[in-house]
Structure formats: C-alpha cells, structure tokens
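Chemist: Below, each chain spelled out in residue letters.
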Amino acid sequence: AQSVTQLDSHVSVSEGTPVLLRCNYSSSYSPSLFWYVQHPNKGLQLLLKYTSAATLVKGINGFEAEFKKSETSFHLTKPSAHMSDAAEYFCVVSEGDDKIIFGKGTRLHILP
Amino acid sequence: GAGVSQTPSNKVTEKGKYVELRCDPISGHTALYWYRQSLGQGPEFLIYFQGTGAADDSGLPNDRFFAVRPEGSVSTLKIQRTERGDSAVYLCASSVYAPRNTEAFFGQGTRLTVV
Chain A
562 AQSVTQLDSH
572 VSVSEGTPVL
582 LRCNYSSSYS
592 PSLFWYVQHP
602 NKGLQLLLKY
612 TSAATLVKGI
622 NGFEAEFKKS
632 ETSFHLTKPS
642 AHMSDAAEYF
652 CVVSEGDDKI
662 IFGKGTRLHI
672 LP
Chain B
265 GAGVSQTPSN
275 KVTEKGKYVE
285 LRCDPISGHT
295 ALYWYRQSLG
305 QGPEFLIYFQ
315 GTGAADDSGL
325 PNDRFFAVRP
335 EGSVSTLKIQ
345 RTERGDSAVY
355 LCASSVYAPR
365 NTEAFFGQGT
375 RLTVV
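In the order they appear, the protein sequences are chains A and B. Each residue of the first sequence is one higher than the one before, counting from 562 in our numbering. Each residue of the second sequence is one higher than the one before, counting from 265 in our numbering.
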C-alpha cells in the first residue's frame, strides 16, 4: 500500500533563507510523487510532480524537489523564502493508475 | 467553466438530515476524485471514478456515504443521516485520465457543517 509521511507539521523560516519541507513515501512500485500547496481559503494548487523522468524536478515559484529512491524521499526545497510562500504544503503519492494519497501537510511560516 | 466547480460552497445542515454535494469537473476529464479535509488535516481519500464507474471507493467511511457519476461528468456525493463528525470541507478533483502522469485539478470545496 502506498503512503506518505511528512516529517514536520510546522516549519518556520526567515524571509530570504532556504526552505526544506521533508517527505518520505512508501510504495510497492515506481510511484508518481507530487507537491501541492494550499493557501488560506484557496484551492489546492500543484507545485511540481515526479513521474520517473528526471529525479530533480523544478516547479512553480522557485520550488524544486529531488526524488531519492534509496532514501524513499521527495523533499521540497526553495533557495530563498518569500512572505507569499506562507501556506500549507502537501506531499502526495500515486501508484499506477490508482488513487492519489495525501500526507498530513506541513504548515510553512515565514518570519519577517 | 475553466476549473472544477463545487456547489454549494457552504452547507449547514441539522444532524440526521440528508445532503448532496455536487462536483462539475473540467470538461473532458475522465477521472474524478472526492476527498474530505478536516481542520488541520490533509485531504482524506473517499472515492475515485474513471468515467461512470467507481474505480476505488475504499475511502468511503461507512454506508451513509455514497457517490454517483451517471454520465461520466458531474458527480454527486450523498450523505445520509448526517452526524456532527461529518463536518469538514469536501474536495473534488478531476484529471484528464489516470492520476499517474497528469495533474489533478481541485475545486474550492464545499464546507459542510452539521449542527
């Protein structure tokens, strides 16, 4: 069975410093992995996705994630945080043509 | 419309009542998903349609919950004998085909409050 674990429920960083949101997955086969962002009172938006092509995936708003099979990880990073990045971030896994499963989310706080 | 549309955006109902939540997916999207998001939690999978059929309904919590998609487009999530614990935001998403290589687009959700 597939699952994702987001290791931090809350992350706080200062504006202009790097962001790291951690995600580990469990999957029987080669998974597809996604990061979604949810701003307050807004819908879920896809940041980036990994589907067995390049292991380093670039997404919108300067975010990127690296698929590491040996570590079963798909951590989300950004070199320099912006105030507008404050939101809830979800790591998501899909296996084959099966349903997509969400992690519990990490709330990112940006300190001025 | 351009995106996934969910109606109503808010629904308040009394305990024990029946409710229907509607989802209009993006035109041409064959896959449709329902999720439930409680406060402070990630979206919890309920059911997934490919076309008219439910490909996976393993997330429906009990037999009070049912969903249909009779013509392979609009879907309705039906909840009978609502309970206070059913209060949550119900999210609908659609994708062109299966989720593996395609993005799932989410609606704004229906906030259900059972009083």
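Rather than coming from a laboratory, the hints here were simulated on the basis of the structure. Any given hint could turn out to be false.
[Claimed, not checked] Partial chain A-side listing against chain B, Cβ under 7 Å, derived:
{"no.": "1", "residue": "Leu605"}
{"no.": "2", "residue": "Leu607"}
{"no.": "3", "residue": "Tyr611"}
{"no.": "4", "residue": "Lys619"}
{"no.": "5", "residue": "Ala647"}
{"no.": "6", "residue": "Ala648"}
{"no.": "7", "residue": "Phe651"}
{"no.": "8", "residue": "Lys660"}
{"no.": "9", "residue": "Gly666"}
[As the list claims (entries may be wrong)] Chain B stretches covered by chain A per the calculated footprint, using a threshold of three residues with CB under 8 Å from any CB of chain A:
{"no.": "10", "region": "305 to 312"}
{"no.": "11", "region": "371 to 377"}
Ideal Cβ placement from N, Cα and C applies to all residues, glycine included.
Chemist: Is the hint on Phe651 of chain A kept, meaning its closest Cβ partner in chain B is under 7 Å away?
Modeler: Holds - the Cβ of Phe651 of chain A comes within 7 Å of chain B, reaching about 5 Å at its closest.
Chemist: For the region 305 to 312 of chain B, does the count of residues with a C-beta closer than 8 Å to a C-beta of chain A reach 3?
Modeler: holds (count 6)
Chemist: Can you verify the interface hint for Lys660 of chain A: is its Cβ closer than 7 Å to any Cβ in chain B?
Modeler: holds, 5 Å
Chemist: Is the interface hint satisfied for Tyr611 of chain A? The criterion is a beta-carbon contact with chain B at less than 7 Å.
Modeler: violated, 11 Å
Chemist: Verify the interface restraint on Gly666 of chain A: the C-beta must sit less than 7 Å from at least one C-beta of chain B.
Modeler: For Gly666 of chain A, the interface hint holds, since the closest Cβ of chain B sits about 5 Å away, which is under 7 Å.
Chemist: Would you check chain A against the region 371 to 377 of chain B, counting CB to CB pairs closer than 8 Å, and say if three or more residues qualify?
Modeler: Check passed, 3 qualifying residues.
Chemist: Ala648 of chain A was flagged as interface toward chain B. Is the shortest Cβ-Cβ separation under 7 Å?
Modeler: Constraint on Ala648 of chain A not satisfied, violated at 13 Å.
Chemist: So, as I understand it, the hint says Ala647 of chain A touches chain B; can you test that by seeing if any CB pair is closer than 7 Å?
Modeler: Violated: closest Cβ of chain B sits about 16 Å from Ala647 of chain A, beyond 7 Å.
Chemist: May I ask you to test the interface hint for Lys619 of chain A with respect to chain B, counting a Cβ-Cβ separation under 7 Å as satisfied?
Modeler: violated, 15 Å
Chemist: At a threshold of 7 Å, is the proposed contact between Leu605 of chain A and chain B supported by beta-carbon distances?
Modeler: Cβ of Leu605 of chain A sits 4 Å from chain B, so the hint holds.
Chemist: Does Leu607 of chain A pass the interface hint, meaning its C-beta sits closer than 7 Å to a C-beta of chain B?
Modeler: Leu607 of chain A check passes; min Cβ-Cβ to chain B is 5 Å, inside 7 Å.
Hint violations for this structure: numbers 3, 4, 5, 6, all remaining hints satisfied.
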